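*Asks:* Please model the complete structure; the sequences and the hints are all you need to start from.
Position 297 of the sequence shown, counted from 1, bears residue number 297 in UniProt numbering, the numbering being contiguous throughout.
Don't read these hints as lab results, they were simulated from the structure.
In this text the structure is predicted, and so the values were computed from the model without any measurement.
Where is the CB? At the ideal position from N, CA and C, for every residue including glycine.
It cannot be assumed that every hint is accurate.
Said to hold, decoys possible - Label-pair restraints from in silico Cβ distances:
(1) ASP203 with LEU293: 46 to 52 Å
(2) LEU293 with ALA325: 15 to 21 Å
(3) MET448 with ASP161: 35 to 41 Å
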Amino acid sequence: MKDDQLHRLSRRRVLGGLGAIGLASAGAGLGTSAFLNDRESFEDAVLTAGTLDLLVDYHSYWDQGRAGSGQVTGTKDGSGTVSGTLTDVKPGDSGLLAFCPRIVDNPAYLWLCGELTSNDENGQTEPEANHSDDDTGGDPGAGMGELADSVVVDVDYCTVDVAASAPEDEFGPGDVSKVADVWEGTLADFLAAIQNGVPLDGDANTGDGAFLAPGEQACFAGGAEADNYCLCIDWEVPVSVGNEIQSDSLSFDLEFHAEQCRNNDGTRNPCADDAGPDCDPCELPGDVADSELVSVNSVDAASFPDVSLFVRVDTPAGNAGDLTAGDFEVCENGLAQSESVSFTSGSLADVVFVFDDTGSMGEEIAGAQAAITNFVDALTNDAGIDSRFALVSYKDTVELDQDFTDDQATIEAAIDDLSASGGSDGREDNFDALGVATRDIAADSGGMLSAYRPGAQKVVIDITDAPAQVDDPDAYDNDESRTDYVMSEVATLLDGFTYIAVSEDLSESSFFDDPGYADGDKEVLADMVDGSWFELPESDADEFSDLLTDEVAGLLSTTYTVSYTSCDADADPAERPILLAVDDPDEGTLYRNASLTVPT
Numbered sequence: 001m002k003d004d005q006l007h008r009l010s011r012r013r014v015l016g017g018l019g020a021i022g023l024a025s026a027g028a029g030l031g032t033s034a035f036l037n038d039r040e041s042f043e044d045a046v047l048t049a050g051t052l053d054l055l056v057d058y059h060s061y062w063d064q065g066r067a068g069s070g071q072v073t074g075t076k077d078g079s080g081t082v083s084g085t086l087t088d089v090k091p092g093d094s095g096l097l098a099f100c101p102r103i104v105d106n107p108a109y110l111w112l113c114g115e116l117t118s119n120d121e122n123g124q125t126e127p128e129a130n131h132s133d134d135d136t137g138g139d140p141g142a143g144m145g146e147l148a149d150s151v152v153v154d155v156d157y158c159t160v161d162v163a164a165s166a167p168e169d170e171f172g173p174g175d176v177s178k179v180a181d182v183w184e185g186t187l188a189d190f191l192a193a194i195q196n197g198v199p200l201d202g203d204a205n206t207g208d209g210a211f212l213a214p215g216e217q218a219c220f221a222g223g224a225e226a227d228n229y230c231l232c233i234d235w236e237v238p239v240s241v242g243n244e245i246q247s248d249s250l251s252f253d254l255e256f257h258a259e260q261c262r263n264n265d266g267t268r269n270p271c272a273d274d275a276g277p278d279c280d281p282c283e284l285p286g287d288v289a290d291s292e293l294v295s296v297n298s299v300d301a302a303s304f305p306d307v308s309l310f311v312r313v314d315t316p317a318g319n320a321g322d323l324t325a326g327d328f329e330v331c332e333n334g335l336a337q338s339e340s341v342s343f344t345s346g347s348l349a350d351v352v353f354v355f356d357d358t359g360s361m362g363e364e365i366a367g368a369q370a371a372i373t374n375f376v377d378a379l380t381n382d383a384g385i386d387s388r389f390a391l392v393s394y395k396d397t398v399e400l401d402q403d404f405t406d407d408q409a410t411i412e413a414a415i416d417d418l419s420a421s422g423g424s425d426g427r428e429d430n431f432d433a434l435g436v437a438t439r440d441i442a443a444d445s446g447g448m449l450s451a452y453r454p455g456a457q458k459v460v461i462d463i464t465d466a467p468a469q470v471d472d473p474d475a476y477d478n479d480e481s482r483t484d485y486v487m488s489e490v491a492t493l494l495d496g497f498t499y500i501a502v503s504e505d506l507s508e509s510s511f512f513d514d515p516g517y518a519d520g521d522k523e524v525l526a527d528m529v530d531g532s533w534f535e536l537p538e539s540d541a542d543e544f545s546d547l548l549t550d551e552v553a554g555l556l557s558t559t560y561t562v563s564y565t566s567c568d569a570d571a572d573p574a575e576r577p578i579l580l581a582v583d584d585p586d587e588g589t590l591y592r593n594a595s596l597t598v599p600t
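*Replies:* If you want it as structure tokens, here you go:
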């Protein structure tokens, strides 16, 4: 079972490859010549342990007409920078860059990012000064060149086939076959487009003249024999360009990042690790008491540095949705964050019912069947939440009855199909059902719950009248554990989830005397994960129906989504304190402490 547990992303980035792409000149015009250096620059070359390694084969070719042509090829593995330099080029000059990823072991999502590091005038020749539109009258200097806006690039997915019989240092346009158009425009615009990171697609699919949106891309294959597409960048200085580029030069950097595909959805942008805004110290007080009027249902840091807090403010203004972004302030790890806030309407929620369907749950099942229509209506129609629903049921085994669906009739039919039977041995396989709901394992009946949507509030509603089986034989009178989980492990799985338990108060039941009863008690679990607990009505279908529609649906339909991109994208410390301040018009400033765990 533990082989299927979610392992947080392992990643390895290559900030390296080509060294320097340089075009130098012995003179102007047709007198230009070219060279290209493979000058590797290693900085803090530390490899991440694990089974993901990215290597990039690189190829470069350039053609300067009568001034000659040249090429270079090689492989980059390590930490450095893919740096390109163009200097003293003329209209009609062109070239080709090809980057071919090879991924050791695990399939991976690949990202590309880069930036223009210089675009310099370097003084002006007389023809250039006569042609230039700037009014400096002399040497505009650094950052004032026209070259980056004059170089045109055509970016494609491609294959590269250097003939096996050819010398290792031979590469040219004939070795490249275009697979799909990705992007066209000036070099300046291309580097601006990828500056914050764009995903590459392992199947060479593209959007409408653009890279795919995060999460839509396919993985690149891993393994020694894997065959992946390359990224090719054709560049050219059109013959229509005039004297304005004489003496100009430019430099740029490219970065390639890899993150394993397993248990990731491709939305995390590793290029953003170093791209966060500057951090300012937080001005909130350092030692404040938590208000009972504010609860943090969950903190979702799965896409860190993007973080979402799902918050309830139990005041008239809070429940009415009258609070705005200006009424919230987030302090993470002592640093002020720039947050956005939305109230239910338009937000996302993925809700999983985890339902004990043993013989003693007949009234609760009847109540759920009566309540499900009103429950769904309360979230989707009344509160305007973009909701999906799933159903997991369990006795001593676990069934995935319904995968995520946004169709109300489908989830209603799944609830209607529940029937109470079996389960006379006391404890039930609840922890494995929570493992299915959190996508840590597949259901005993087969199948894995589909992935949660990025940015959605992940909600687990756990309904039972019995304690859970635990991985502790001493906790049983006449039964053996059927699970490999203990409660602390389940609490870890529920990190980032809004956990709502509806169960009996076991403190007054016969289970109270069992050794380790609390290890299976949902009230205890809800307290561990800062969730919500409601006492299960005693054999009354109407009361249970009211509980679902009024209390549980009411909790979810009065939730604020507080989102921000952490200004400190450093992976340390792994656990960070969060202080939330809410300025309520009736109650004044209310505080709530929480925490997030940075994925490692």
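*Asks:* Please check whether LEU293 and ALA325 have a Cβ separation lying inside 15 to 21 Å.
*Replies:* holds, 19 Å
*Asks:* Hint says 46 to 52 Å; check whether the CB-CB distance for ASP203 and LEU293 agrees.
*Replies:* holds, 50 Å
*Asks:* Given the range 35 to 41 Å, decide if the beta-carbon distance of MET448 to ASP161 lies inside it.
*Replies:* holds, 38 Å
In this structure, every one of the numbered hints holds.
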